[in-house]
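Trainee: Sequence:
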Amino acid sequence: MFTRWKAKIKRTEKNRKTIELILGHDGRNWTLSGDQLASLSAPTLDELDRKLESALEHAWKQEPLEVFMTSDNEMIPGWMRPFMNHYFNRILELPLRYS
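Under the numbering used here, think of the first position of the sequence shown as -13, with each following residue one higher.
Some clues are possibly wrong.
[Claimed, not checked] Keeping only pairs whose Cα atoms sit at most 25 Å apart, straight-line, the calculated PhoX-like set for lysine-lysine is:
id, residue 1, residue 2
1, 3, 47
2, 3, 37
3, 37, 47
Hints listed in this document are in silico derivations from the structure and should not be mistaken for laboratory results.
With the hints as extra help, turn the sequences into a complete structure.
Mentor: Given below as structure tokens:
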């Protein structure tokens, strides 16, 4: 089952609820972690997004929540890091909207 996260939720300039997390890869699964958060992992980004949506349901029930995922640069080989400064950052809005 999912752990209820007690995440630090901030408000952006546009007055949107926002949380920042670290996105990584352990060789098999995508991982998410952050301050005061239990880690989540899943083999695909889609599965990870759905787990995150369930884990943070209490935070987006009243209004949408923006999740900014900063890539963990340790997952990129050292020789490649100097060539890109943003790697694989993502922004996700909860609740998810699938068609």
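Trainee: Does each hint hold? Answer for all of them.
Mentor: Status of each hint after checking the structure:
no.	hint	result
1	3 with 47	holds, 12 Å
2	3 with 37	holds, 19 Å
3	37 with 47	holds, 15 Å
In this structure, none of the earlier numbered hints is contradicted; all agree with it.
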